[in-house]
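As they're listed, the protein sequences go chains C and U.
Under the UniProt record's numbering, the first residue of the first sequence carries the number 1, and numbering increases by one thereafter.
Under the UniProt record's numbering, the first residue of the second sequence carries the number 1, and numbering increases by one thereafter.
Please keep in mind that the hints were generated in silico from the structure rather than gathered at the bench.
Errors might be hidden in some of the hints.
Residues from chain C that face chain U, not an exhaustive set, calculated with beta carbons under 8 Å [as the list claims (entries may be wrong)]:
{"id": "1", "residue": "F14"}
{"id": "2", "residue": "M15"}
{"id": "3", "residue": "G18"}
{"id": "4", "residue": "L25"}
{"id": "5", "residue": "G26"}
{"id": "6", "residue": "L32"}
{"id": "7", "residue": "A152"}
{"id": "8", "residue": "S153"}
Note that beta-carbon positions come from the ideal geometry of N, C-alpha and C, so glycine has one too.
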Amino acid sequence: MKRSKTMEFGVGLFMLAGIIGLVFLGLRVSGLSLAAPSETFRLDANFANIGGLKPRARVTMAGVTVGRVESIDLDTEWYDAKVTLRLDSGLEGQLSRDTTAAILTAGLLGEQYIGLSVGGDPDMLADGDTIRDTQSALVLEELIQQFVSNMASN
Amino acid sequence: MQSRFEQGVNRIVRLGRKGCDVMEALGRAGLFLGQSAVGVPSREGWYLWLRQMHFVGVLSLAIVVVSGLFIGMVLALQGYTILVDFGAEQALGQMVALSLLRELAPVVAALLFAGRAGSALTAEIGLMKATEQLTSMEMIGVDPLRRVIAPRLWAGFVALPILTVGFGVVGIWGGYLVGVQWLGVFEGSYWSNMQASVSFVSDVGNGMIKSLVFAIVVTWIAVFQGYDLVPTSEGISRATTRTVVYSSLAVLGLDFVLTAVMFGGL
Numbered sequence: 001m002k003r004s005k006t007m008e009f010g011v012g013l014f015m016l017a018g019i020i021g022l023v024f025l026g027l028r029v030s031g032l033s034l035a036a037p038s039e040t041f042r043l044d045a046n047f048a049n050i051g052g053l054k055p056r057a058r059v060t061m062a063g064v065t066v067g068r069v070e071s072i073d074l075d076t077e078w079y080d081a082k083v084t085l086r087l088d089s090g091l092e093g094q095l096s097r098d099t100t101a102a103i104l105t106a107g108l109l110g111e112q113y114i115g116l117s118v119g120g121d122p123d124m125l126a127d128g129d130t131i132r133d134t135q136s137a138l139v140l141e142e143l144i145q146q147f148v149s150n151m152a153s154n
Numbered sequence: 001m002q003s004r005f006e007q008g009v010n011r012i013v014r015l016g017r018k019g020c021d022v023m024e025a026l027g028r029a030g031l032f033l034g035q036s037a038v039g040v041p042s043r044e045g046w047y048l049w050l051r052q053m054h055f056v057g058v059l060s061l062a063i064v065v066v067s068g069l070f071i072g073m074v075l076a077l078q079g080y081t082i083l084v085d086f087g088a089e090q091a092l093g094q095m096v097a098l099s100l101l102r103e104l105a106p107v108v109a110a111l112l113f114a115g116r117a118g119s120a121l122t123a124e125i126g127l128m129k130a131t132e133q134l135t136s137m138e139m140i141g142v143d144p145l146r147r148v149i150a151p152r153l154w155a156g157f158v159a160l161p162i163l164t165v166g167f168g169v170v171g172i173w174g175g176y177l178v179g180v181q182w183l184g185v186f187e188g189s190y191w192s193n194m195q196a197s198v199s200f201v202s203d204v205g206n207g208m209i210k211s212l213v214f215a216i217v218v219t220w221i222a223v224f225q226g227y228d229l230v231p232t233s234e235g236i237s238r239a240t241t242r243t244v245v246y247s248s249l250a251v252l253g254l255d256f257v258l259t260a261v262m263f264g265g266l
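Please build the complete structure, drawing on both the sequences and the hints.
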């Protein structure tokens, strides 16, 4: 059979384009990074109400992303939401024991994320500790309800 | 003059025969796939596969890429007009990427593939059968399943997932062109919202699984319709039509099932 170099070259190029496309989808579109997953540590935080928080949501500090929400479970001991956070290990031993975690919303209808702010306690949080001081998500319906009942009682 | 009773019996007999025919066709198709897809390709077989890859994959790239570009652009345009009402036009990247990777890239690429490559495969193999090339191969001791069918099947299995990746990449780029360059969505939020919401395993990976399933189904239908047709000119035209109709229906139906399993929380 007659061999054709250009055809072989074309098929090779086609396969290569497929691989490059997949790499693009991985790196640019789904935001995987080529570097080995950086060292992280774990913190728990219990919230009375998480609103619309989802796993993989951002954890920020002063607006800078420092980690992600790993999982959200119902804590059957207290009947509140137990949120597990994965934070960059650069912060391990840097967050004071009275660090607060709040569930914030990006814009009026945007995604929800967790904002951390440090306190002044000399003791530091270690891997696996629980953040005690938390602020639940702002649920618009509850807010309106409160407002309406205040109006009615006045 | 037949009695009513006999007419009724005949109708039931015809129904039963039809059912048997359908079952037989399914059985033939299954055996056919099994017999032709297995078997270690020789050096010659490898080269036959390469030639089919060129025809089925490389030459389909142009139509797939152009369609992907326009679908991405139209998604961005439509999405923008709706999202801007809610002040959420930053979510454009997320919308374009998720709808392309989860649904549109696998499905539309498979439909285009069925029309561009599937119909050609059916017609080619059908004509080989009508001109008794397949029979003559058997006469000289060459197995047509391995010589003709297997390279085409494997080329289809490999080519469609690659085409789907191309479709997705170009579509996302088209969305970027319209959303960011033309309509003025902030570039940073286009990409960062996309990266925050697209997961490589559950979105890109599931899209690839879909595309592989579609590749197997579409190529199988195309090649089997060609191999199993009535060897006349009318038979070839009927089989080519059936290839496109059956593959499109199979792709859309399977897409619903796969979506329900992957994303519907079943």
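Hint numbers contradicted by this structure: Result: hints 7, 8 break, sorted rising.
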